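Colleague: Single-letter residue listing:
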Amino acid sequence: MVKQAEQAGINRPRLSLHVPEPRGRPGDTANFSYLDIPEAGDQPRPDESCEPKETFPLCDTIIRVLGDDNQAHGAWDPQLSPDKMRAILRDMALVRAFDDRMYRGQRQGKTSFYMKCIGEEATSVAATHALDFDDMTFPSYRQQGILIARDYPLVDMVNQIYSNRADKLKGRQLPILYSSREYGFFTVSGNLTTQLPQAVGWAMASAIRNDSRISASWTGEGSTAEGDFHSALTFAAVYNAPTIFNIVNNQWAISSFSGFAGSERATFAARAIGYGVAGLRVDGNDPLAVYAAERWAADRARSNHGPTLIEHFTYRAEGHSTSDDPSAYRSAREREEWPLGDPVTRLKDHLIAIGEWSEEQQEAMDKELAEQVRTATKQAEKNGILGHGLHHPFHTMFEDVFEELPWHLREQSEAALRERKLKWPE
Amino acid sequence: MAGMIHEEDDPVTLADAPTRRLNMIEAINDALDIMLTRDPDVVIMGQDVGYFGGVFRATAGLQEKHGKTRVFDTPISECGIIGAAVGMGAYGLRPVPEIQFADYIYPGLDQLVSEAARLRYRSAAEFTSPMTVRTPFGGGIFGGQTHSQSPEALFAHVSGLKTVVPSTPYDAKGLLIAAIEDNDPVIFFEPKRIYNGPFDGYYDRPNTPWKSYDASEVPEGYYSIPLGKARIVREGEAMTVLAYGTMVHVVESVCREKGVNAEVIDLRTLVPLDIEAIEKSVRKTGKCLIVHEATRTAGFGAELSALVQERCFYHLEAPVQRVTGFDTPYPHSLEWAFFPGPIRIGEAIDTLMSE
Ligand SMILES: Cc1ncc(C[n+]2csc(CCOP(=O)(O)OP(=O)(O)O)c2C)c(N)n1
Numbered sequence: 001m002v003k004q005a006e007q008a009g010i011n012r013p014r015l016s017l018h019v020p021e022p023r024g025r026p027g028d029t030a031n032f033s034y035l036d037i038p039e040a041g042d043q044p045r046p047d048e049s050c051e052p053k054e055t056f057p058l059c060d061t062i063i064r065v066l067g068d069d070n071q072a073h074g075a076w077d078p079q080l081s082p083d084k085m086r087a088i089l090r091d092m093a094l095v096r097a098f099d100d101r102m103y104r105g106q107r108q109g110k111t112s113f114y115m116k117c118i119g120e121e122a123t124s125v126a127a128t129h130a131l132d133f134d135d136m137t138f139p140s141y142r143q144q145g146i147l148i149a150r151d152y153p154l155v156d157m158v159n160q161i162y163s164n165r166a167d168k169l170k171g172r173q174l175p176i177l178y179s180s181r182e183y184g185f186f187t188v189s190g191n192l193t194t195q196l197p198q199a200v201g202w203a204m205a206s207a208i209r210n211d212s213r214i215s216a217s218w219t220g221e222g223s224t225a226e227g228d229f230h231s232a233l234t235f236a237a238v239y240n241a242p243t244i245f246n247i248v249n250n251q252w253a254i255s256s257f258s259g260f261a262g263s264e265r266a267t268f269a270a271r272a273i274g275y276g277v278a279g280l281r282v283d284g285n286d287p288l289a290v291y292a293a294e295r296w297a298a299d300r301a302r303s304n305h306g307p308t309l310i311e312h313f314t315y316r317a318e319g320h321s322t323s324d325d326p327s328a329y330r331s332a333r334e335r336e337e338w339p340l341g342d343p344v345t346r347l348k349d350h351l352i353a354i355g356e357w358s359e360e361q362q363e364a365m366d367k368e369l370a371e372q373v374r375t376a377t378k379q380a381e382k383n384g385i386l387g388h389g390l391h392h393p394f395h396t397m398f399e400d401v402f403e404e405l406p407w408h409l410r411e412q413s414e415a416a417l418r419e420r421k422l423k424w425p426e
Numbered sequence: 001m002a003g004m005i006h007e008e009d010d011p012v013t014l015a016d017a018p019t020r021r022l023n024m025i026e027a028i029n030d031a032l033d034i035m036l037t038r039d040p041d042v043v044i045m046g047q048d049v050g051y052f053g054g055v056f057r058a059t060a061g062l063q064e065k066h067g068k069t070r071v072f073d074t075p076i077s078e079c080g081i082i083g084a085a086v087g088m089g090a091y092g093l094r095p096v097p098e099i100q101f102a103d104y105i106y107p108g109l110d111q112l113v114s115e116a117a118r119l120r121y122r123s124a125a126e127f128t129s130p131m132t133v134r135t136p137f138g139g140g141i142f143g144g145q146t147h148s149q150s151p152e153a154l155f156a157h158v159s160g161l162k163t164v165v166p167s168t169p170y171d172a173k174g175l176l177i178a179a180i181e182d183n184d185p186v187i188f189f190e191p192k193r194i195y196n197g198p199f200d201g202y203y204d205r206p207n208t209p210w211k212s213y214d215a216s217e218v219p220e221g222y223y224s225i226p227l228g229k230a231r232i233v234r235e236g237e238a239m240t241v242l243a244y245g246t247m248v249h250v251v252e253s254v255c256r257e258k259g260v261n262a263e264v265i266d267l268r269t270l271v272p273l274d275i276e277a278i279e280k281s282v283r284k285t286g287k288c289l290i291v292h293e294a295t296r297t298a299g300f301g302a303e304l305s306a307l308v309q310e311r312c313f314y315h316l317e318a319p320v321q322r323v324t325g326f327d328t329p330y331p332h333s334l335e336w337a338f339f340p341g342p343i344r345i346g347e348a349i350d351t352l353m354s355e
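Heads up: the sequence lines are chains A and B, in that order.
Following the working numbering, the numbering of the first sequence begins with 1 at its first residue and continues without gaps.
Following the working numbering, the numbering of the second sequence begins with 1 at its first residue and continues without gaps.
Don't read these hints as lab results, they were simulated from the structure.
These figures come from a predicted structure and were not determined experimentally.
Yeah, the Cβ is synthetic: ideal placement off N, Cα and C, and Gly gets one too.
Any given hint could turn out to be false.
[Unchecked claim] Simulated crosslink set (SDA-like; lysine to any residue; CA at most 25 Å straight-line):
1) A:LYS423 - B:ARG296
2) A:LYS168 - B:ASP327
3) B:LYS68 - A:ALA266
4) A:LYS367 - A:LEU390
5) B:LYS284 - B:SER253
6) B:LYS68 - A:LEU15
7) B:LYS68 - A:VAL19
8) A:LYS423 - B:THR351
9) B:LYS68 - A:LYS367
10) B:LYS258 - B:GLU355
11) A:LYS423 - B:ARG205
12) A:LYS382 - B:PHE142
13) A:LYS84 - A:LYS168
14) A:LYS423 - B:GLY346
15) A:LYS423 - B:THR208
16) B:LYS211 - B:GLU237
17) A:LYS423 - B:TRP336
18) B:LYS65 - A:ILE352
19) B:LYS258 - B:TYR202
[Claimed, not checked] A few chain B residues that don't get close to chain A, going by computed Cβ distances all over 12 Å:
20) THR19
21) ASP39
22) PRO40
23) ARG70
24) GLY80
25) ARG118
26) ARG120
27) GLY143
28) HIS157
29) ASP200
30) ASP214
31) GLU235
32) ASN261
33) TYR314
34) HIS332
With the rest of the complex left out, here is chain B:
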């Protein structure tokens, strides 16, 4: 891996690279373009990703540039898409399939859960599945129950699968490159609510595009962000807030608004998890709030909460709090009543502050 710029190893080189302001879609497109160029084994496939460039435009221009056998449309069969990616991986390619919405991944579940995730184990590493499944997830776009789900916990539960969720254009690019280079199957959830700009949780306020934020400053060329490394979004003493994806921005804005000196951690990858960063922070603050948009019961917050109390019990000054979506399908007209917005988060922060 000579010549690679690594965030941790070589921050100087990375900081020196020329940057551009990109939104998250452009950053993802850039990562895909770079990997198609660098690695002839990379192929991209999915519904409408070819000529059209994807319903969210994430693959725009890539077929034209890299050719029809590197970037191509598929039949509408998620089972076929992931199953074929397993076969391509067995041959030696590095497929990057797109599932149009995370809500539509279920027909492909057997191929992902029973096959891709276990190929290495059951063949004693004779066969592996180096695929990265990209899929938009999360709500907040009035998509109703089949364009809004956050099913990350289902996947984090599967041994052999890595689960990644970026929250900024900079991270999206670096994490996607790392995911593609990873020799194990990775599911890469893209928070579609923040494709075009971060979200403060107030749906009735105008959206500001990414380009007015520093996190949209994306270096040109290749860089990767290692999977399993969380990002400290803001340092603080009052409590630790664990979040990922869209909720990182909502949490940050609530903390700012309330003037709470919380330490906000963006997990970036759920599996493998940066347990060190979590432990270090909770030991310092003594309080922990976990925020995700997904439904609550058996959500990833339950795992985080268990880990925190197992490992930081004697440092905790208050019970761990969880703020999540409700345990209902994602409703259409009441989507903002479902969404764990500033009020729900604010209440939990107040509770923790009063302990």
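Excised from the complex, chain A in its bound form:
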């Protein structure tokens, strides 16, 4: 037996390991010509109650509404009122203004960390506009757009980022890992993909209680590699859970391109089909297409037709976070060459094209939003910035570990206060 096994390999071909490699590295020109980008308006729109497998063709294309002519096209055009579109535009521009200021704040030493979502604003803002306010969202760290689209107070966001004495999360969490039950925004974890099965569980609970609310989760394409993704999709399919998975495919996971999550073989949307979940692949930089896809999935879930996975095809225009320098691993030209444009510019141009907006109005709005952010920042700074003493009192560190303080935490709390007195005798 053993001898046979030894000889069996003699005439077989030699194997080799495939390790994915992105198309461009620093110094290279960026080339996105390999992307097959369909015309806006060409994609069919099945009924929300269709069988999951009927969505398969939509997993391998890109649903697009806004064309190069700045007009809305096709069956997926959500036919939003100009007011609604202006509201989406404004929220996206506000996210951008906020990101810009917070990024600079981190650079000025006001906090430890920040993450922008520039270029990806539509994937959270337009999607949130397609949900109801009481639908529950389970975000990753890059969906500040959900809070902004739900009118969460900016000053509370800044307080959290500065980890100051007014931070509603008591300075416990890394900046941007917000939480707001009131605004239907689940506490963000630093551990990737954990929110996906949780969103399914929330949706299952809503169904158990014959409620009418649905849940929606967001995660990066890199994070779909985690086992939690598989668990979430399986549970969602088994229980036909009223939930939406938003996979924000921004092409990069820190320094790893999407090939390390499997994009060389199949789209992220296509993963849905194997589970028996509906899948859509949408131009993530087209706010109208994002709105339409999210609305389709929300209507499907709300009418008991089950879960949908939406791949938002977009681009992470800047670094992963303030700790990252993308020029070390990708071509600097990618951002300019990205063929799907910028979501803010595209919606603005559309509104202008249909005579509902102007460059002057945009400029005035941008000024106003920058001022709004500045005011919120100044207000938050009065409550302190990270590391300058204005934090929550020491004893709060021991609260919320449990509902009640057990003896050992009580003792430790006393020890912490004693240490504080030794360090800063009043």
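Please arrange chain B with the ligand on chain A, whose structure you already have, making use of the hints.
Modeller: Structure of chain B with the ligand alone, referenced to chain A:
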């Protein structure tokens, strides 16, 4: 193992080797480079470790030098990383997976605890798991609760896993080489607070880089430090202080500052533990202080304390003391209130001195 320079066996040769001053990241990189060169079975994988060279730069330049099938990026799946390392080990490779932060190892726990750690036992040594999981751990960088944890006790609790924590560039290199050569699974915790320089516990003082300390003097080429051998950091009579990782430096600085003649022992490996060194020292000093950054309850200090009282009871002149992090998640803004710094350590030393 002909030609190998062993710290214990051949100190002369080692002392003669040319040295360079390296920080801990460079020392780890050097160890990985040497092992990739010496042993064709060694492969390195993890999130962002390939082209980019790791978020802490520990694998910088290694893919370029050793090729894409020796050093490569992985999908973001800790379960996949450790599970694949088990399979590679079963084939006969010697994988050195990196988990980007110890806080993110939990999705890989089943593969590590139920699989890697037990392969040898359940197959009667037919299959083994000679992997070394490298992972940065510990706080002090304003990383919040998911970039700061010290979960070593969880792993020390698992039979079949070895647990290593270096505290200097010299040790990091020698211990990592020994871990990679070890035929059992090893988890190698890298104290990220001291990657660039030792830490005296005063977060508001400027950091001095490793290169101004002798412990950054790292011999070129191959050497290994056996797992299970502690290091006496400073000899003393007044008490024994047991520590590892970042806390070795904090403790040393507090003792210096207070002028306490304590014997400080850097455990270097938690499993297997150098019980001889501990016993010898405690019998001499009669007092024992245990310091770790991890949370207190069921922390590794509890094990050390039990061992010391079981084995040195009649030599003890005072109850064993533990200084640890508090039993809370690692807070962001109050991270220095959580950290067991000079005040907490100083109080415990005073208590022991007054006994
Ligand atoms: C379980 C776990 N593993 C690793 C990390 C470290 N990490 C943080 S973000 C990130 C990349 C995630 O990329 P992706 O999912 O594509 O989202 P993006 O950042 O592009 O929005 C990694 C590896 C983590 N936070 N959690």
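Colleague: Broken hints, numbered, in rising order?
Modeller: 4, 9, 13, 16, 18, 23, 24, 27 and 34
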